[in-house]
Structure formats: structure tokens, C-alpha cells
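**Student:** The sequence shown begins at 1 in UniProt numbering and counts up by one.
Note that these hints are calculated values from the structure, not bench results. You may find that some hints are simply not true.
[Said to hold, decoys possible] The calculated lysine to aspartate or glutamate pairs, modelled on EDC-like cross-linking and capped at a C-alpha distance of 16 Å, are: (1) Lys-59 <-> Glu-113; (2) Lys-47 <-> Glu-74; (3) Lys-47 <-> Asp-81.
[Stated by the list, open to error] Distance ranges between label pairs, derived from CB positions: (4) Cys-13 <-> Ala-99: 39 to 49 Å; (5) Ala-99 <-> Pro-21: 13 to 23 Å; (6) Pro-30 <-> Pro-92: 15 to 25 Å; (7) Pro-35 <-> Ser-83: 36 to 46 Å; (8) Thr-25 <-> Thr-96: 28 to 38 Å.
Note that beta-carbon positions come from the ideal geometry of N, C-alpha and C, so glycine has one too.
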Amino acid sequence: MKPEPKGATTEHCHKPDFLFPDVATYHAAPASGAPGLLMLGAKSTCKDGWRRVLAEASKISRKHLLTLEPGISEPQAEQMDVSGLQLVVPAPLHATYTAAQQGWLWNLGQFLEEVSQHQAA
Numbered sequence: 001m002k003p004e005p006k007g008a009t010t011e012h013c014h015k016p017d018f019l020f021p022d023v024a025t026y027h028a029a030p031a032s033g034a035p036g037l038l039m040l041g042a043k044s045t046c047k048d049g050w051r052r053v054l055a056e057a058s059k060i061s062r063k064h065l066l067t068l069e070p071g072i073s074e075p076q077a078e079q080m081d082v083s084g085l086q087l088v089v090p091a092p093l094h095a096t097y098t099a100a101q102q103g104w105l106w107n108l109g110q111f112l113e114e115v116s117q118h119q120a121a
């Protein structure tokens, strides 16, 4: 993994927080995307910021959002899921979510494992 240059952009001048494996691979991919592309947005709270993450990399259908926000409402989590957003929350905060949500949440280790699997493929 190479660090992204500060201010790397995707379509419509969006600036995702992290693109994997890198911005050059993202731009070289067809408009329909490529299986090895991943994106991680980072927001301290979700509020409406999670919707902005959805627009930041149109070549990636399932996006990831790392947040430090404890327990969010079930309707909001459901909206995220059906919109193609995987919530990534530090493991110690999982207890602040409902049992149903905990089954859907990822911790940072799970996201990093996903990145590693895509890098190895």
C-alpha cells in the first residue's frame, strides 16, 4: 500500500479519505469498477456525512466508513447497509450498538484483512 497524495481526487473532484490500492489504480479502472478497489471514509460521527462518502468513488459499489460514533439508530444503520456502506467501528465501541447491529459491524482489523485479501489477489 502506498500513501495517497494529499488531496487525491476521483470523479467530480471528490476527495475520498483512503483509496486502495491507490488512486492511479482507481483512475485506470473502467467506469464499472474493478474487484480490487476499496475505499475507506473516515468521519468522527456519521450524521449526514455518511451520505457524502457514498458519492466519493463511483467506481466502488460497496464503500466503507470508519467512525468513532457510539451506537447509531437501527434505521440509520439499515439505510447505510442498503445504500452499500459498510460501517467500520473500533471493537471497543461495538458494545454501544444493538446485538443486531453488532452482527453487521466490522472492526478495523476486519477491514484491514479485506484490504490484504484484495492486495494478494
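**Student:** Against each hint, give a clear statement of whether it holds in the structure.
**Tutor:** Consistency of the hints with the structure:
1. Restraint check for Lys-59 and Glu-113: not satisfied, since their Cα atoms lie roughly 21 Å apart, outside the 16 Å limit.
2. Straight-line distance between C-alpha atoms of Lys-47 and Glu-74 comes to about 13 Å, which keeps the hinted pair within the 16 Å bound.
3. With a C-alpha separation of about 15 Å, the suggested pair Lys-47 and Asp-81 falls inside the 16 Å cut-off, and the hint holds.
4. About 41 Å separates the C-beta atoms of Cys-13 and Ala-99, a value consistent with the hinted range of 39 to 49 Å.
5. At roughly 35 Å, the beta carbons of Ala-99 and Pro-21 sit outside the given window of 13 to 23 Å.
6. At roughly 40 Å, the beta carbons of Pro-30 and Pro-92 sit outside the given window of 15 to 25 Å.
7. Separated by about 20 Å at the C-beta atoms, Pro-35 and Ser-83 break the suggested range of 36 to 46 Å.
8. Against the hinted window of 28 to 38 Å, the Cβ-Cβ separation of Thr-25 and Thr-96 comes to about 35 Å, which satisfies the hint.
Checked against the numbered hints above, the structure breaks hints 1, 5, 6, 7 and satisfies the rest.
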